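Participant: Sequence:
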Amino acid sequence: MKRGRWIACLLPLLAVCRPEAAGAEYAAFAAAVVCGVAVPPGGTTGEMEERSGAIDSVTVTARRPLSDIGIQKTVFDETLLHEDVTFSLADMLAHSTPVFIKSYGRGTMATVSLRGTGASHTRVTWNGMRMNSPLFGMMDLSYIPSYFIDGAALYNGASSVGVAGGGLGGAIALDTRPSDSDGFGMKYIQGVASYSTFDEYLRLSYGGGRMRSETSVLLTTSENDFTYRNYAKKDFVLDGNGNVTGWSYPLERNRNCSYRDFHILQELYYDAGRGGDFGLSAWYMDSSRGLPLLNTDYTESNTSFSRQTEKTFRGVLRWDKYAGRGRVSAKAGYHYSDMRYLEQSRRSYGGAAAPEVQTRSDWRSYIHTLFGDAGWEMGLGERFYLVADLSLLQHFVYTVNDKPVRNTSEPSAYDDARTELSALVSARYRPAERFGIALNLRQEVIGNEGAPFIPALLLDWNPFGRVVFKASVARNYRFPTLNDRHFAKNTLLPEEGFTYDGGVEAEGSAEGASYGVSLTFYDSYIRNWIFWYPDKGATQWLPTNIRLVHAFGAEASARAAVEWGRGWSARVDALLAWTRSLNMREPLNGADNAVGKQLPYVPVWSGAVTVRLQWRSWTVDYKWNYYSERFTTTDNSAMITGRIVPYFMNDLSFGKAFRFRWADLSVGFKVNNLFDEEYETELSRPMPGRNYGFSLEITPRFRHP
2 MKRGRWIACL LPLLAVCRPE AAGAEYAAFA AAVVCGVAVP PGGTTGEMEE RSGAIDSVTV
62 TARRPLSDIG IQKTVFDETL LHEDVTFSLA DMLAHSTPVF IKSYGRGTMA TVSLRGTGAS
122 HTRVTWNGMR MNSPLFGMMD LSYIPSYFID GAALYNGASS VGVAGGGLGG AIALDTRPSD
182 SDGFGMKYIQ GVASYSTFDE YLRLSYGGGR MRSETSVLLT TSENDFTYRN YAKKDFVLDG
242 NGNVTGWSYP LERNRNCSYR DFHILQELYY DAGRGGDFGL SAWYMDSSRG LPLLNTDYTE
302 SNTSFSRQTE KTFRGVLRWD KYAGRGRVSA KAGYHYSDMR YLEQSRRSYG GAAAPEVQTR
362 SDWRSYIHTL FGDAGWEMGL GERFYLVADL SLLQHFVYTV NDKPVRNTSE PSAYDDARTE
422 LSALVSARYR PAERFGIALN LRQEVIGNEG APFIPALLLD WNPFGRVVFK ASVARNYRFP
482 TLNDRHFAKN TLLPEEGFTY DGGVEAEGSA EGASYGVSLT FYDSYIRNWI FWYPDKGATQ
542 WLPTNIRLVH AFGAEASARA AVEWGRGWSA RVDALLAWTR SLNMREPLNG ADNAVGKQLP
602 YVPVWSGAVT VRLQWRSWTV DYKWNYYSER FTTTDNSAMI TGRIVPYFMN DLSFGKAFRF
662 RWADLSVGFK VNNLFDEEYE TELSRPMPGR NYGFSLEITP RFRHP
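So the sequence shown is numbered by the numbering used here: it starts at 2 and just counts up by one.
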């Protein structure tokens, strides 16, 4: 294949993978890809045998080992995860993947939507233990500092079956790992940013002989009181007779929005030689966050306020033993969470009397989870690989609301317990050098209910050079959460999904340059989708099943990196996603306009571009994000309250590293929202304008004997 040939040779794949509902939109996506992505030149068979590219942000492996046959995943290395101390996992994903992060600013909830599915359809694991709340089914990614993660992988669609069940959209696997440095180590980072935002990070480590210890501490505080132009309100100008002669949009300040997050992570690792490797990770979090008032709220911030606090502990003890071509492992863990939502108002009656504080809602939840896992892996020759795994989760939950919602007969408190058992058997086989096939079978038992087998079939094929085609099909199953079950009085059906996807990856390198592209199409059908809707005058939300949701789309990525003389290097990453997630239920009545419409808060188009330019110890990074319009109603109403307009986001940062005999030191300066864009990611939740941050990192050099 000649160098620089366009990816138009892949267009026949569109006709194969294209669902009937896609129509011209698939052609539009294909045109966007064809106009901007080129297939790299092919390589020799020898080049294909052993080839993996490790890059600053994402590690891409074209010919996968047996354990990765057919897997569609994006692997994030430590360099990307530890790029910015202010980043949560949500921030990192927003800049590095085509997924949509639903959030309304730093210090607020951030959930992920994979391939048009909901936040509860993405499984998140930490060192093998599931992080999703048994109450809500989702995981708030803003509570996960990217600096506390040493390795992360995003599994799409059918590939997630090998990680966890119930991931109708996919799964995110996080882990911590020991460093390979000996002796004492230390790193300190101080960050200062707009709106009185401070980040302090300290890491202490020691490694010697068979034992390693690492301690990480992070404290983040912020007033978060940025100003914004409020287009939901008007200030009227009156003449002397009280007639309106004009109006303007007021400039307001974000209210009730301060936050404080504290994290501490302790890791211990021990190499017992023939006895295997032991690891202990213990993570404690203490968070207190104000919930900002809507821009449509006319309440004074000093008379009404709400706050969410959470104290969470997660601990995992793990053991791994390698023997020949096999590995056995065992894990045990514990999770505790104490969450409180408090909404209060102050009412003053004048005079010298102190204001009266009234509590509107005081909701608390207590979660205890026990975790156990046992795994076995074995390579049988060069072409066959077997995996077996058994995991157990035991949840104990208690919730109480001292001030329940009015106009409801639901009890204000409940306690519940649930056991979740999941078994996985996986076989991976490479019958020919360029072809691989994998079969995953998962069986889950939730409480007293057993799910059908959850199968996933995955294929990959390397027809020539450095090009790999992949395809997979899977069935998945997700049971209602404890909250779903409680508020629906056990009337909900489990969600059941079928996912089909196929795509191609290609990469290459030549003369100090490397490049790669990928293109994936997917098609999912999810029956009995659980959807929460407002009931009883919008004073209460209740869950119900939607008969069918059809999610389909395409994702494309391209990367290029080059190095030239005198310490210069550059890298570009580009991502583009087209996502359709349609409500295909039966019409409720003749006026039901929601059928066939995009689900709320799912953008049809999203994209991201990251550019890095480096000269010796100087770096410049530019990040660009785009999200198309999102609707807030099921009928996709274009009214002002039913549509969130598209927006572009631009961030620019500079860095300089210094090397001294006594320490390594680096400084950084960044400008977020470079062009002062006025935008929202959630309805009536303004986002900050242009803002700035400065960081200082110090890594002392210790002398070791």
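For the record, the hints were derived by calculation from the structure and aren't laboratory data. It should be emphasised that the depicted structure is a prediction, and the values quoted were computed from it without experimental measurement. Watch out, some of these pointers could steer you wrong.
[Said to hold, decoys possible] FRET-style restraints, in silico, Cβ to Cβ:
| hint | residue 1 | residue 2 | range |
| --- | --- | --- | --- |
| 1 | Asp636 | Arg328 | 50 to 58 Å |
| 2 | Val245 | Pro647 | 49 to 57 Å |
| 3 | Val446 | Arg328 | 48 to 56 Å |
| 4 | Arg328 | Met640 | 20 to 28 Å |
| 5 | Thr228 | Asp636 | 32 to 40 Å |
| 6 | Arg328 | Gly568 | 38 to 46 Å |
| 7 | Gly382 | Asp636 | 25 to 33 Å |
[Unchecked claim] Taking lysine-lysine and the DSS-like style, the derived pairs with C-alpha atoms no more than 30 Å apart in a straight line are:
| hint | residue 1 | residue 2 |
| --- | --- | --- |
| 8 | Lys188 | Lys657 |
| 9 | Lys74 | Lys234 |
| 10 | Lys322 | Lys312 |
Note that CB positions come from ideal geometry on N, CA and C, so glycine has one too.
Participant: Now, for every hint given, state plainly whether the structure supports it.
Facilitator: Right, here's what the structure says about each hint:
no.	hint	in the structure
1	Asp636 <-> Arg328: 50 to 58 Å	52 Å, holds
2	Val245 <-> Pro647: 49 to 57 Å	32 Å, violated
3	Val446 <-> Arg328: 48 to 56 Å	26 Å, violated
4	Arg328 <-> Met640: 20 to 28 Å	57 Å, violated
5	Thr228 <-> Asp636: 32 to 40 Å	34 Å, holds
6	Arg328 <-> Gly568: 38 to 46 Å	41 Å, holds
7	Gly382 <-> Asp636: 25 to 33 Å	57 Å, violated
8	Lys188 <-> Lys657	17 Å, holds
9	Lys74 <-> Lys234	45 Å, violated
10	Lys322 <-> Lys312	34 Å, violated
In terms of the numbered hints stated before, the structure departs from hints 2, 3, 4, 7, 9, 10, listed from lowest to highest.
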